[in-house]
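Novice: Throw the hints in and build the complete structure from the sequences for me.
Residue strings, one per chain:
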Amino acid sequence: MNILVCVKRVPDSSENEIRLNRAGNDIDTDDLVYAVNEWDNYAVEEAIQIVDKVGGSVTVVSVGTEENEEILRREMAMGAESGVLLSDPLFEDADGRKLAAILSAYIDKNKFDLVLCGAQADEGGAQVGGMLAAMQDKPFASLVNMIEVLDEKKLKIGREIEGGSQEISEIELPCVLSIQTGINEPRYVSIRGIRKVASVEIPTLGASDIGFTDTPLRLQKLEYFQPELGAGAEMLEGSDEEMADKLVALLQAKGGIK
Amino acid sequence: MAAIFVYITHKNGTADDSAFELAAAAKALDAAAAPCAIVLGGTADVGQVAGQVAPYFSEVITIANDALQYPNAEVYRKALATILPAKSLLLLTHNSFSMDLAPGLSVKLDAAFASDVVGFEGIEGDTLKLVRQEHGGAVSSRSACGLANGAIISVRAGAFKPAEAGSQGAVVDKSTEVSDFSSKRSFVEVIAAEVGDIDITKSEILVAVGRGIEEEDNLAMVHELAAAMGADVACSRPVVDAKWLEKSRQVGTSGQTVSPKVYLALGISGSFQHMGGIKGSPFIVAVNKNKTAPIFQSADIGVVADILDFIPVLTEKINAGK
Ligand SMILES: Cc1cc2nc3c(=O)[nH]c(=O)nc-3n(C[C@H](O)[C@H](O)[C@H](O)COP(=O)(O)OP(=O)(O)OC[C@H]3O[C@@H](n4cnc5c(N)ncnc54)[C@H](O)[C@@H]3O)c2cc1C
Ligand SMILES: Nc1ncnc2c1ncn2[C@@H]1O[C@H](COP(=O)(O)O)[C@@H](O)[C@H]1O
Numbered sequence: 000m001n002i003l004v005c006v007k008r009v010p011d012s013s014e015n016e017i018r019l020n021r022a023g024n025d026i027d028t029d030d031l032v033y034a035v036n037e038w039d040n041y042a043v044e045e046a047i048q049i050v051d052k053v054g055g056s057v058t059v060v061s062v063g064t065e066e067n068e069e070i071l072r073r074e075m076a077m078g079a080e081s082g083v084l085l086s087d088p089l090f091e092d093a094d095g096r097k098l099a100a101i102l103s104a105y106i107d108k109n110k111f112d113l114v115l116c117g118a119q120a121d122e123g124g125a126q127v128g129g130m131l132a133a134m135q136d137k138p139f140a141s142l143v144n145m146i147e148v149l150d151e152k153k154l155k156i157g158r159e160i161e162g163g164s165q166e167i168s169e170i171e172l173p174c175v176l177s178i179q180t181g182i183n184e185p186r187y188v189s190i191r192g193i194r195k196v197a198s199v200e201i202p203t204l205g206a207s208d209i210g211f212t213d214t215p216l217r218l219q220k221l222e223y224f225q226p227e228l229g230a231g232a233e234m235l236e237g238s239d240e241e242m243a244d245k246l247v248a249l250l251q252a253k254g255g256i257k
Numbered sequence: 000m001a002a003i004f005v006y007i008t009h010k011n012g013t014a015d016d017s018a019f020e021l022a023a024a025a026k027a028l029d030a031a032a033a034p035c036a037i038v039l040g041g042t043a044d045v046g047q048v049a050g051q052v053a054p055y056f057s058e059v060i061t062i063a064n065d066a067l068q069y070p071n072a073e074v075y076r077k078a079l080a081t082i083l084p085a086k087s088l089l090l091l092t093h094n095s096f097s098m099d100l101a102p103g104l105s106v107k108l109d110a111a112f113a114s115d116v117v118g119f120e121g122i123e124g125d126t127l128k129l130v131r132q133e134h135g136g137a138v139s140s141r142s143a144c145g146l147a148n149g150a151i152i153s154v155r156a157g158a159f160k161p162a163e164a165g166s167q168g169a170v171v172d173k174s175t176e177v178s179d180f181s182s183k184r185s186f187v188e189v190i191a192a193e194v195g196d197i198d199i200t201k202s203e204i205l206v207a208v209g210r211g212i213e214e215e216d217n218l219a220m221v222h223e224l225a226a227a228m229g230a231d232v233a234c235s236r237p238v239v240d241a242k243w244l245e246k247s248r249q250v251g252t253s254g255q256t257v258s259p260k261v262y263l264a265l266g267i268s269g270s271f272q273h274m275g276g277i278k279g280s281p282f283i284v285a286v287n288k289n290k291t292a293p294i295f296q297s298a299d300i301g302v303v304a305d306i307l308d309f310i311p312v313l314t315e316k317i318n319a320g321k
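As they're listed, the protein sequences go chains W and Z.
Take the first sequence: its letter number 180 is residue 179 in numbering that gives the first Met the number 0, and every next letter is one higher.
Take the second sequence: its letter number 289 is residue 288 in numbering that gives the first Met the number 0, and every next letter is one higher.
Mixed in with the good hints there might be a few duds.
[Claimed, not checked] Footprint (simulated), chain Z over chain W, 3 or more residues, beta carbon under 8 Å:
{"hint": "1", "stretch": "9 to 21"}
{"hint": "2", "stretch": "72 to 80"}
{"hint": "3", "stretch": "122 to 130"}
Calculated directly from the structure, the hints in this document are not laboratory data.
Quick caveat: nothing in here was measured; it's all calculated off a predicted structure.
Positions of the beta carbon are idealized from the N, C-alpha and C atoms, including for glycine.
Specialist: What follows is the structure, given as structure tokens:
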């Protein structure tokens with residue numbers, strides 16, 4: 000099975016506090032550490048496991064700048080056979096719809112049996128996979144947390160629905176699936192593993208290489224701002240010891256200590 | 000202004016509470032709107048659900064067919080693409096079904112798409128200003144959504160207060176307009192979530208741990224704190240994904256809905272999917288090393304500390320006081 004996995008480069012939320020810049024209208028990107036989108040890592044692991052079972056190849060693709068090579072290499076160190084970077088000034092500031100159109104143009108020029116995306120990325124869009132499927136006129140399922148290959152034409156899949164229940168379906172290939180975290184345990188990538196793929200060439204394709212023609216944006220980001228969701232918590236002050244003392248008293252008052 | 004439609008989520012013949020929130024969202028979008036509800040489903044359910052939502056909408060369109068008994072987004076998408084007039088605005092609740100249905104529907108209708116919207120800030124000409132949250136709620140963004148070709152917008156549950164009932168809308172059956180129920184994806188069954196060793200939905204005191212605990216071995220100190228408090232241990236999703244705790248201990252939209260008296264969140268950022276599982280306004284205490292963590296917006300008490308240092312101190316103080 001030839002599988003394409005779409006991967007996005009995002010600020011690593013476990014390494015960074017996402018903050019606004021001085022002007023308070025955009026994200027402060029000065030010291031951000033970037034990583035592959037958490038969901039995409041699960042998608043790559045799943046693709047590798049499928050290929051281990053039934054044969055085929057895994058390609059990872061990312062839309063962005065040459066800085067995205069780093070995450071492509073990381074996923075190749077996990078076991079993806081090849082990586083492709085889609086990069087062009089025309090691709091900058093794309094909305095979800097345009098990203099899907101770029102990926103769709105690339106897929107038109109290559110044959111894949113299965114395309115995997117992450118269920119969502121840092122901006123919470125949860126959209127590229129479903130849009131891509133519609134553009135490709137292929138069946139789609141989101142929040143997939145189980146994949147079983149039934150035969151060359153069909154998969155059995157599980158989708159996570161509310162409350163943690165699982166919806167089981169059968170879906171025809173070729174199809175597009177968006178993957179939910181927890182579907183597997185993504186393998187660890189060692190520095191050595193990354194070194195091994197350090198010199199593998201990653202082709203860069205631009206708009207004309209994939210036959211992409213620009214489309215107007217439907218959703219345009221104007222600015223960022225700090226959310227004010229509620230009154231906010233009363234913050235305890237002092238050393239850990241002092242805060243713990245205050246907290247014990249509060250917990251006792253509220254019935255938090257039996 | 001194009002017509003506004005609202006997709007009604009329902010289960011076992013009962014409309015989801017989100018239906019009434021969406022009625023309010025439609026008014027927030029355009030005060031002059033006469034929003035129309037759409038109810039799709041099996042023949043046994045649709046009439047009943049339409050009756051429940053009719054007082055909140057100017058009209059309710061129904062499509063009943065037993066092929067729609069289970070909400071298979073692949074089938075529903077085709078049905079909606081058939082009945083929605085060009086350039087319509089469609090509102091849905093942001094949930095596992097909208098994630099399945101809506102992005103593809105926007106492509107099929109060539110309409111704009113915005114997901115998980117928390118606020119509307121007015122329409123100027125063909126442009127709607129809307130508010131979303133990004134990076135797990137750490138920042139908000141304001142976007143301009145083009146309406147010229149219509150738009151599909153999914154709205155976060157709880158972002159709008161439910162509308163009040165008004166005059167009864169007419170129910171219009173359009174079942175005969177939809178005839179293609181074919182799909183390359185077929186529904187097999189729903190497997191209910193596993194039941195674990197403990198039912199956290201019944202717990203009065205919960206100590207919930209998140210990714211901030213960093214390593215599985217560190218969970219021991221969380222169990223010790225819970226034991227000192229007489230609490231049960233719950234967690235956020237990454238802890239379950241890492242297989243450090245059972246799925247039955249996960250709080251959130253894809254886990255359990257809990258309503259304890261006291262909720263102590265340790266190293267949890269406060270994403271809406273996590274907070275969506277906490278009901279009944281408990282006393283929430285959040286401990287996080289990042290003072291701008293979104294959870295401090297909804298907690299009652301905040302402690303900025305490294306949980307790996309703070310948990311043992313707190314445990315010791317509680318035990319010393321006994
Ligand atoms: C469809 C869908 C359903 C979902 N359902 C759920 C659900 O049911 N439940 C759920 O929880 N999530 C759910 N999620 C995931 C959710 O979006 C978040 O990714 C998740 O809640 C984040 O968990 P967290 O807060 O533990 O981790 P993070 O967001 O990574 O936050 C960790 C926090 O710990 C802090 N921290 C780190 N180290 C320390 C330390 N040493 N001391 C103190 N603080 C520290 C950090 O500052 C950060 O705020 C769902 C997602 C999707 C797409
Ligand atoms: N720039 C990108 N390059 C490649 N894939 C992407 C990109 N942006 C989003 N995706 C894919 O779409 C998924 C969902 O992202 P989103 O719709 O932005 O929430 C991600 O998990 C990726 O699989």
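Novice: So which of those numbered hints doesn't the model satisfy?
Specialist: 2
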